[in-house]
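Note that the protein sequences, when read in sequence, are chains H and E. Be aware that the first sequence starts at 1, since it is given in the working numbering, and climbs by one per residue. Be aware that the second sequence starts at 358, since it is given in the working numbering, and climbs by one per residue.
Honestly, the hints are just simulated from the structure, not real lab data. Computed from a predicted structure; not experimentally measured. You may find that some hints are simply not true.
Cross-link-like lysine-lysine pairs, in silico, BS3-like; alpha carbons within 25 Å at most [stated by the list, open to error]:
1. H:Lys83 - E:Lys559
2. H:Lys82 - E:Lys559
3. H:Lys63 - E:Lys370
4. E:Lys534 - E:Lys370
5. E:Lys561 - H:Lys82
6. E:Lys561 - E:Lys364
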Amino acid sequence: MNIHDAIDSKRIMSLVVIALMPALLFGMYNIGLQNAIAAGPAAVESTGWFSMFLYGLLVMLPKIAVSYIVGLGIEFTVAQWKKEEIHEGFLVSGILIPMIVPVGCPLWIIAIATAFAVIFAKEVFGGTGMNIVNVALIARAFIFFAYPSVISGESVWVSTESVLGLGNEIDGYTCATALSQLSGAGVDSVVGACPAYELTTADMLIGTMPGSIGETSVIAIALGGLLLLFTGVASWKIMVSVFVGGIAMSLFFDATLPESNNMAHVPFWQHLILGGFCFGAVFMATDPVTSARTEKGKYIYGFGIGAMAILIRVLNPGYPEGMMLAILLMNVVAPFIDYCVVQRNVKARAKRVTKKN
Amino acid sequence: MGLFSKKNTEAFKTPLLKENPVTVQVLGICSALAVTNKLEPAIVMGLSVTVIIAMANVIISLIRNTIPNRIRIIVQLVVVAALVTLVSEILKAFVYDVSVQLSVYIGLIITNCILMGRLEAFAMQNKPWPSFLDGIGSGLGYAMILIVVAIFRELLGSGTLLGMQVVPDFLYAAGYKNNGLMLMAPAAFFIIACIIWFQRSKDKNLQEK
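Take the sequences, apply the hints, and build the full model.
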């Protein structure tokens with residue numbers, strides 16, 4: 001990370017990991033909460049928030065451990081092999097990968113996806129700081145295309161097993177994410193699509209709903225986002241323009257597409273707080289290695305991500321969530337955006353010089 | 358000159374590994390992506406291409422001195438097209454299911470760069486017998502890569518080989534899942550890339566400084 005500036009990359013990485021903590025801790029609590037909701041109203045009443053959190057922690061720890069062991073294992077091996085220093089590049093990716101998968105994703109799939117992402121998205125490009133696409137998102141994309149059944153559908157978003165006596169053993173509980181419910185049925189039917197489950201705007205903001213582990217809580221993500229903005233690690237230009245792009249695209253679709261497309265008529269603010277939009281905007285789009293580096297380019301890059309995410313959500317019924325693919329696509333385009341911005345600048349200055357003479 | 362003189366065996370062996378059409382010359386990638394998600398069509402495709410290259414090489418080599426230079430590409434195309442049509446009809450007659458799976462890709466052998474490459478680069482300058490060996494070598498070099506890629510893709514993507522289940526049921530029961538990515542074209546890219554990577558790390562001559 002950050003081969004292009006002088007700030008110590010270790011400090012930046014630690015800051016990003018700290019910024020991820022609210023979302024991670026809330027995600028753990030939410031795992032417990034969703035498990036209790038699935039078990040029925042009585043379980044929600046009788047389970048304290050701390051035991052919900054503890055349950056989530058126990059479910060989450062193996063995923064984090066697997067991601068770090070596999071990722072760092074490969075990094076160390078490659079570093080030994082190439083006789084290079086070991087970078088701390090996997091610190092952030094290692095915590096991101098378990099946060100952007102559903103709780104029902106098996107450990108061995110996380111291990112394979114992490115290995116694939118580290119080797120094919122990072123090491124073959126030259127290692128830390130040289131990757132052109134976001135490593136954690138490649139891991140997610142790998143799972144998405146290779147094992148679609150563990151990352152979409154209705155049965156993977158809620159943990160249904162008890163761990164060390166905590167949590168409840170539940171049979172045959174299914175509950176899709178808000179986005180896939182929206183894309184499947186219609187705006188009104190989010191409410192009550194799962195047994196004992198009703199989604200309010202407060203739920204969407206606080207994050208007490210099924211979804212990938214770290215993505216659900218807008219408030220927790222905002223806390224981390226503020227830290228990144230105040231310390232200057234993440235670019236506000238990218239973050240703001242992602243949201244602007246998302247709003248513009250959803251307003252455009254709302255006005256132009258016929259009634260039959262449910263996704264198009266989700267209110268624009270709901271588009272922004274559902275699914276991985278916030279998480280992607282704050283933690284993924286702003287990754288300084290893979291984003292555009294020119295100042296004007298950052299606006300274009302961010303806008304492209306927001307607009308593309310909504311475009312995929314609305315126009316492709318197969319992919320109720322578009323954030324992952326939007327960020328990956330713009331990662332690939334980012335160097336081209338930078339090139340165009342730089343060339344325009346070069347031309348403008350050349351013109352100025354020739355005018356003067 | 359003996360039938361299996363050093364020069365002739367070289368003509369056969371070089372395109373197998375050192376000048377492999379897929380991994381070294383990076384030709385014929387299109388069909389290597391398209392027909393390799395199952396092993397059976399990959400084998401049939403590899404053999405068809407081998408037969409067509411070998412025969413086309415021999416025919417072009419026989420008439421190489423009478424082909425007017427300015428229309429040689431057209432002449433080569435006519436020969437290849439005739440052979441492709443022949444093979445396509447034979448496949449339809451004897452292995453109909455596979456020919457359905459291969460669909461347009463048999464017909465598209467005519468546009469396979471490996472063929473035109475060998476005709477231009479080898480058959481136009483060499484006698485029939487070395488041309489035949491060169492064609493067989495190139496075809497088998499191509500078929501070999503296709504088969505390796507197809508083995509990985511069918512085994513990991515469908516859990517079968519030649520349609521027979523290889524991954525045991527108890528693994529599925531334990532939570533193992535087939536890798537859907539392997540059935541998509543990008544998987545062939547990754548596997549071919551890995552083969553190229555492996556080959557280049559072994560062969561010093563291929564390493565770029």
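Hints, verified against the model:
1. A C-alpha spacing of about 19 Å is found between lysine 83 of chain H and lysine 559 of chain E, which places the hinted pair at or below 25 Å, so the restraint holds.
2. About 16 Å separates the Cα atoms of lysine 82 of chain H and lysine 559 of chain E, which keeps this hinted pair within 25 Å; it holds.
3. For the proposed pair lysine 63 of chain H and lysine 370 of chain E, the alpha carbon gap of about 49 Å is over 25 Å, so the pair is violated.
4. Proposed proximity of lysine 534 of chain E and lysine 370 of chain E is contradicted: the alpha carbons are some 40 Å apart, above 25 Å.
5. Restraint check: the Cα-Cα separation between lysine 561 of chain E and lysine 82 of chain H comes to about 17 Å, which is no more than 25 Å; the hinted pair holds.
6. For the hint linking lysine 561 of chain E to lysine 364 of chain E, the alpha-carbon distance of about 23 Å falls within 25 Å, and the restraint holds.
Hint compliance for this structure: hints 3 and 4 are not met, and every other hint is.
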